[in-house]
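Produce the complete structure using the sequences and hints provided.
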Amino acid sequence: MQGVDSCKIVIEGLSKRFDDVLAVENIDLTITAGDFVSIVGPSGCGKSTLLYMLGGFISPTAGRLLADGKTIVKPGIDRGIVFQDYALFPWLTVEQNIAYGLQMKKSSRDEIKETVARYISVIGLGGFEKRYPRELSGGMRQRVALARTFAYGPDILLLDEPFGALDSQTREIMQDELLRLWRTTNKTIVMVTHDVGEAVYLSTKVCVMSKRPGRIIETYTIALQHTESREAVVLSPQYTDVRNKVWLSVRRQVLAAAG
Amino acid sequence: MREVAHRIAPAMGRAFVAVYPLVLVIVVWEAVARAGLIRPLFLPPFSLVVKQLFAVVSNGELFPPLATSLYRTAAGLLIAGVVGIPVGFLMVRSRLVSWFFEPLVALGNPAPKLALIPVFTLWFGIDNVSKIMLVALTTVFPFILSAAQGARSVPISQVWAARAMGSTEFVILGRVVLPASMPALMSGLRVAVPTALLTTFTAEMVAGGGLGGALVLAQRYFESTTVYAYLLVMLLCGYILDVELLRIRHRVLRWHEG
Amino acid sequence: MSKGLQETLFGAAARLTPILICLALWQAVTSLHVADPEFLPSVGAVLEAFYDLAKEKTIFVELGVSLLTAGAGLVSGILIGVPLGAVMALSKGADGFFGPLIKATYSLPKSALIPLFVLWFGVGGITNVLATVLTTLLPIVIYTYHGVQGVPRVFVWSAQAMGTPPATLLRRIILPAALPAILTGVRIALGFAFIVTIAAEMIVSNHGIGKLIFLYGDSGAYNYMFAAVITIVSTAFVADWLLQLATAHILRWQDKAEQHA
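Chains as they are written, first to last, in my numbering: chain A, 1 to 259; chain B, 1001 to 1258; chain C, 2001 to 2261.
Calculated from the structure, these hints are not laboratory results. Built from N, CA and C at the ideal position, the CB exists for glycine as well. Errors might be hidden in some of the hints.
What the hints assert, rightly or not - With a straight-line Cα cutoff of 25 Å, these simulated SDA-like cross-link-like pairs (lysine to any residue) come out:
1. Lys-70/A to Gly-2163/C
2. Lys-2256/C to Asp-167/A
3. Lys-130/A to Gly-2163/C
Stated by the list, open to error - Partial list, derived from the structure: chain C residues whose beta carbon lies under 7 Å from chain A:
4. Val-2154
5. Trp-2157
6. Thr-2164
7. Pro-2166
Shown next, in the form of structure tokens:
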């Protein structure tokens, strides 16, 4: 059993109340470095709230959050975030967007140029460097958003339903791209998603949150081998088995929330 | 007793917070003026201004010019509305009307219509008509623009339904376009009314008459308290009209969804 | 001639025609003596006056003065109003203090302050500029306020997650995001600047096109008066058009769907 100090992220007794609504209640969760953790649950269960607290954008009402052993109080350069609508800065071009984090880090001009060029080719948007976000499709914007966050190298990546606005085919392509980026950079990822299948496909660990007030009621460790093709994984019985279990878990919460 | 206090206290607190900068300004004004830091010609004490305000109200000095200004404003607005709203609607419904008026509106809208004060004075004399015409010309633009915006917002399905039931264009305008355009028209009114007041007062300051003319006269005779008093009246005019407008807007839009 | 050019020229001609029709009507009315030439000088007489004024350079000098006044007023309004609006949107305290003051003076037509300024400063140019500044402040502050308030929090959060310090956040994220609203306020302020400048010049008659208009009107030189009026009206139109061009370029990154009519 790993000690608490070697965990990348530690959440203890976390609660959040907004006025008279208790969004999140008593969450305990540890995440090791290099993990890909997905949080799933019914709408309104507080999973995004949890993510925003990890990001330091909202402060908890009770409990604590630690990243690398230090308490999270405000946003920081060690935790990158990608929002559902990408939040690309519309007045900046693609390459200016990707360069932004590096500029905040005060990297040298050459390093910025080189990194940006590298990521542009990684996401396959060569030729679009000087375009504005309004000229890009949803999938392209998503890629720029991911590139922007990966480029300046935060250890922890927080993803808030990053593929929610994409059509299913683009979504599948982007999922594999994300997997590739994760494997080559070894970041710790915490992702919030509605899509159970996506969560099981991508993650090493899936946490199911109850209906509001959200608590983590089940955690599944996923041991899928991604060395095979997507088709092989998705059609495999191991995947299907876990996916069904998780789906049922979430389903029960959805029904409980509605009932 | 305590319960009453509990309920009044937050309301009073809110009222205080909403008003304290004004109170502060008035207090500082009064103090600075009384202390003689600024010559009374430039800044008479606020209390004296209020006194003068009551004086011009009670001795009847205020009402003729005020009534004149308000009459001119109202008449001008009425004409502008009667002309502008149909034009705005027609600009959306008819390509010919749109073709003819669009350049005129594009040219006229940013133009400072106030520059025409002497022209209108030439044409219509120094009395009411010239001011009314100027107000009408100036405010016709917000009416046209907001009417056009309102007409554009009408869901085409409603127009088709009306036409399918055999309604003439006139009926469509009156019973489909007009109600649907109410929110836009209310917004246009919110722009047109202060603009109308401004135009009236300014035209009067240049060409005489009404409250604007009275203001300039007071300045020429160095009657500072009167100048400030008239300014207060103008401020109150604008404020009351705005509040009334908001109330009308509320009533009118209550029947309106979204 | 290329098709595109043809279309543009045709479009321009189509837009100009109603104006030409009005001009023709004007000429017809005067030529046919439907209107007393006292009240409506013919197009020719006005053009003559134009030529005269241009020859003496009068028109250019006074136009320059008016433009300088309006411009100075507008620029000052922006330099004061944008930071003020931004601070009000970002600080509850500032909003609590300035908000009521702005709401209170909102209903006062700022041109009414001109006589007051004459009391204070006499008939120097400062009166005109000050009245213009106060008039342009209002729309700029209000639009900046709403622009800054309306910046989506995901922009701010994304920037903060990338390590943006507060001053940089304001400069590189909040202001650019609020720029469309701010520029709308500037456009409105530009219109106000012209109006108040002319009004002041007519009331105080110190200098500028407003003074020309007023004096010519007073002395009966109506064709000169018309010439001056047309000058300032066209200038205001051109200024507005130029601002729109500049805005379109500055905001070229904007999603067309988000743009207002």
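Each hint tested on the structure:
{"no.": "1", "hint": "Lys-70/A to Gly-2163/C", "result": "17 Å, holds"}
{"no.": "2", "hint": "Lys-2256/C to Asp-167/A", "result": "22 Å, holds"}
{"no.": "3", "hint": "Lys-130/A to Gly-2163/C", "result": "24 Å, holds"}
{"no.": "4", "hint": "Val-2154", "result": "4 Å, holds"}
{"no.": "5", "hint": "Trp-2157", "result": "5 Å, holds"}
{"no.": "6", "hint": "Thr-2164", "result": "6 Å, holds"}
{"no.": "7", "hint": "Pro-2166", "result": "11 Å, violated"}
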